[in-house]
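Asks: Residue-level listing of the chains:
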Amino acid sequence: MIRLEKRPQPSRTWTLASPILAVLLTMIVGGALFAALGAEPLTAIRTIFWDPLFNPQFASYSRPQLLVKAGPLILIAIGLSLGFRAGIWNIGAEGQYIMGAICGAGAGLAFYPSDSALIFPLMILAGALGGWAWAMIPALLKVRFGTNEILVSLMLVYVAESILASVASGLLRNPEGMGFPGSRNFRDWDAVANTEIIANTGMHFGVLTAFIAVIAAYVLLARHIQGFNIRLSGEAPRAARFSGVNPAAVIVFCLGIAGALAGLAGLFEVTGPAGQISIDFNSGYGFTAIIVAFLGRLHPVGILLAGLLMALTYIGGELAQLMLGLPGAAIQLFQGMLLFFLLGVDVFTNYRVRLNLGATA
Amino acid sequence: MDLSSISPVLLIASVMVSATPILLAAIGEMVVEKSGVLNLGVEGMMITGAVVGFAVAVNADAPVPGFMAAALASALLALVFGVLTQLFLSNQVATGLGLTLFGLGLSALIGKPYEGMKSPTLPRLDLGPLSDLPVFGRMLFSHDAMVYLSLLLVLAVWAFLKFTRAGLILRAVGESHDAAHALGYKVVRVRLVAIAFGGACAGLGGAYLSLVRVPQWTEGMTAGAGWIALAIVVFASWRAGRVAIGAYLFGGVTVLQLNLQAAGAAVPVALLSASPYLITILVLVIISARGAHGAPASLGRPFHASA
Numbered sequence: 001m002i003r004l005e006k007r008p009q010p011s012r013t014w015t016l017a018s019p020i021l022a023v024l025l026t027m028i029v030g031g032a033l034f035a036a037l038g039a040e041p042l043t044a045i046r047t048i049f050w051d052p053l054f055n056p057q058f059a060s061y062s063r064p065q066l067l068v069k070a071g072p073l074i075l076i077a078i079g080l081s082l083g084f085r086a087g088i089w090n091i092g093a094e095g096q097y098i099m100g101a102i103c104g105a106g107a108g109l110a111f112y113p114s115d116s117a118l119i120f121p122l123m124i125l126a127g128a129l130g131g132w133a134w135a136m137i138p139a140l141l142k143v144r145f146g147t148n149e150i151l152v153s154l155m156l157v158y159v160a161e162s163i164l165a166s167v168a169s170g171l172l173r174n175p176e177g178m179g180f181p182g183s184r185n186f187r188d189w190d191a192v193a194n195t196e197i198i199a200n201t202g203m204h205f206g207v208l209t210a211f212i213a214v215i216a217a218y219v220l221l222a223r224h225i226q227g228f229n230i231r232l233s234g235e236a237p238r239a240a241r242f243s244g245v246n247p248a249a250v251i252v253f254c255l256g257i258a259g260a261l262a263g264l265a266g267l268f269e270v271t272g273p274a275g276q277i278s279i280d281f282n283s284g285y286g287f288t289a290i291i292v293a294f295l296g297r298l299h300p301v302g303i304l305l306a307g308l309l310m311a312l313t314y315i316g317g318e319l320a321q322l323m324l325g326l327p328g329a330a331i332q333l334f335q336g337m338l339l340f341f342l343l344g345v346d347v348f349t350n351y352r353v354r355l356n357l358g359a360t361a
Numbered sequence: 001m002d003l004s005s006i007s008p009v010l011l012i013a014s015v016m017v018s019a020t021p022i023l024l025a026a027i028g029e030m031v032v033e034k035s036g037v038l039n040l041g042v043e044g045m046m047i048t049g050a051v052v053g054f055a056v057a058v059n060a061d062a063p064v065p066g067f068m069a070a071a072l073a074s075a076l077l078a079l080v081f082g083v084l085t086q087l088f089l090s091n092q093v094a095t096g097l098g099l100t101l102f103g104l105g106l107s108a109l110i111g112k113p114y115e116g117m118k119s120p121t122l123p124r125l126d127l128g129p130l131s132d133l134p135v136f137g138r139m140l141f142s143h144d145a146m147v148y149l150s151l152l153l154v155l156a157v158w159a160f161l162k163f164t165r166a167g168l169i170l171r172a173v174g175e176s177h178d179a180a181h182a183l184g185y186k187v188v189r190v191r192l193v194a195i196a197f198g199g200a201c202a203g204l205g206g207a208y209l210s211l212v213r214v215p216q217w218t219e220g221m222t223a224g225a226g227w228i229a230l231a232i233v234v235f236a237s238w239r240a241g242r243v244a245i246g247a248y249l250f251g252g253v254t255v256l257q258l259n260l261q262a263a264g265a266a267v268p269v270a271l272l273s274a275s276p277y278l279i280t281i282l283v284l285v286i287i288s289a290r291g292a293h294g295a296p297a298s299l300g301r302p303f304h305a306s307a
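Those protein sequences? They're chains A and B, same order as listed. Just so we're aligned, residue 1 is where the first sequence starts under full-length UniProt numbering, counting upward by one. Just so we're aligned, residue 1 is where the second sequence starts under full-length UniProt numbering, counting upward by one.
Hints listed in this document are in silico derivations from the structure and should not be mistaken for laboratory results. Please note that a few of the clues may not be correct.
Computed, partial: chain B to chain A, Cβ under 7 Å [as the list claims (entries may be wrong)]: (1) Val-93; (2) Ala-94; (3) Gly-98; (4) Leu-101; (5) Leu-183; (6) Tyr-185; (7) Trp-227; (8) Ala-274; (9) Ile-281.
For every residue, glycine included, the Cβ atom is placed at its ideal position computed from N, Cα and C.
Can you make the complete structure from the sequences, with help from the hints?
Replies: Here it is as structure tokens:
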């Protein structure tokens with residue numbers, strides 16, 4: 001009989017090994033999936049994981065895209081990971097991302113066509129505030145009434161999408177856009193365009209912010225009392241209460257940071273890669289970031305690596321769509337599978353597998 | 001605005017149709033939660049049911065095999081969740097979210113060739129003299145079989161939980177898995193069965209969306225219906241009858257806002273289309289503010305027989 005025995009402490013080796021094993025398992029099963037879709041599995045895997053970085057034909061375009069896609073994923077996932085560590089399940093990052101983009105863009109467009117140097121910082125601030133405010137709704141409802149934050153934050157994604165559809169064709173619509181929905185293009189407005197800081201690297205202000213967030217989160221969790229309180233609240237809620245940690249403060253802090261970071265990601269996306277507020281500028285980063293957070297073991301450095309890997313699957317997926325005719329949804333499935341395998345493999349982190357062949361039961 | 005264009009008879013008739021998918025998913029999820037498992041993957045199972053049901057119904061040119069295949073496919077998907085959470089002891093919240101993300105991807109992949117097609121749909125039942133009643137016949141007694149089946153299912157679940165021994169075991173497992181285990185009940189097995197049942201129900205709900213309610217396949221067509229089903233279980237305080245009330249209430253809100261949009265009400269469209277979600281939040285707040293929850297005591301807690 002195979003028996004699981006709980007480890008007194010999660011295994012360090014398996015904490016590091018399980019994401020790698022999960023990626024390998026996903027590649028194998030994903031390869032089988034691609035074969036079923038009529039693509040040569042090894043070619044498909046190579047197209048997704050190798051070609052975007054090293055194929056001379058595609059790498060010059062794909063490499064910068066890696067940071068462009070990883071930036072928002074990392075930024076959002078860092079915020080989510082703080083909450084997940086404390087047992088606060090904010091799954092509405094997509095909504096916070098949209099609201100941050102709308103608020104930031106709105107604040108900027110109010111001053112169009114000013115070329116003051118203060119506009120972009122103002123937009124960044126408004127973006128962070130927009131995401132923060134949207135996350136405060138589930139936070140305050142949870143603190144005040146004990147309402148389930150999972151459902152509220154998720155419902156607010158749909159509300160944010162309705163607001164987005166409304167402002168894209170109403171309040172923020174480009175007055176010179178011939179009546180088409182969508183705001184002015186921020187990339188044509190030099191004062192606020194979120195361009196590459198270093199040419200041809202994909203490194204824009206959002207990516208820079210993501211890197212800063214990684215470092216800040218690392219310091220917070222490893223060296224700051226608030227980070228310790230967050231971890232304590234998640235791992236031993238009773239102990240946290242006895243030691244005087246205020247659960248309400250942790251909820252407001254975690255959701256607030258997650259919202260603000262998601263809002264920033266949204267703002268940097270509309271002023272940079274997306275260029276404008278349009279009905280569908282949001283591409284599901286808020287949900288993929290959940291996978292990134294788990295794949296990165298809720299650890300800042302892990303999230304950095306996981307964000308890059310997930311960005312690679314996006315770019316590689318597009319390439320596979322183009323070169324091999326694989327459907328785009330296959331990549332979405334691939335990402336979902338990765339999370340499944342990770343959660344399954346994780347059993348080895350917390351449990352030891354014992355084979356007892358004798359009849360001891 | 002021309003409110004007279006909204007006919008109350010047609011309104012109530014369409015409420016029943018729009019409530020059915022949520023009702024099916026919610027009653028299934030209620031059974032799962034009664035066994036102490038929180039499966040947040042309802043949305044993913046529903047949309048998988050929607051696409052599988054649609055694809056099979058189109059290929060078989062009949063709706064019934066579609067519903068059966070949808071229930072089977074979603075139950076299988078639910079069992080993936082079951083194996084991960086019950087045997088591999090993974091975190092239920094994270095695994096449920098994973099199930100939703102996986103289901104959305106899977107459905108988009110399967111559904112691609114079926115976009116824009118029309119499916120065979122369920123015929124309206126002819127209930128003889130009942131269907132011929134003035135007003136009420138049109139309102140309540142001229143729907144397809146799934147509408148009545150979903151109500152029967154609610155009744156069956158209520159009776160199962162209240163009167164049968166198996167229902168008692170299921171509730172015991174959900175309230176205290178340690179005690180149930182000590183009494184010799186197979187906690188994991190009971191939960192796996194409940195999870196599969198919940199998946200099948202969600203699949204039926206999804207198939208009802210793509211085969212009857214819409215009836216078409218579009219990517220992401222469940223649009224949060226699975227999440228609303230989860231909210232309804234909370235709203236219903238884990239009671240079958242209240243699940244039905246909740247589902248019909250939300251069906252009503254959805255239909256009413258669509259009718260108001262069509263009638264050109266002087267309310268912003270964004271507010272109307274967000275209203276089902278806003279009302280869900282409002283209801284959740286009211287329920288949680290009122291206190292008394294009635295959630296199964298072991299809900300969401302992992303079970304590991306460490307003896």
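Asks: Compare the structure with each hint and give your call.
Replies: Status of each hint after checking the structure:
1. Val-93: holds (6 Å)
2. Ala-94: This interface hint holds because 6 Å falls under the 7 Å limit.
3. Gly-98: holds (4 Å)
4. Leu-101: holds (4 Å)
5. Leu-183: violated (17 Å)
6. Tyr-185: Constraint on B/Tyr-185 not satisfied, violated at 17 Å.
7. Trp-227: holds (5 Å)
8. Ala-274: Nearest chain A Cβ about 4 Å off; hint holds.
9. Ile-281: holds (5 Å)
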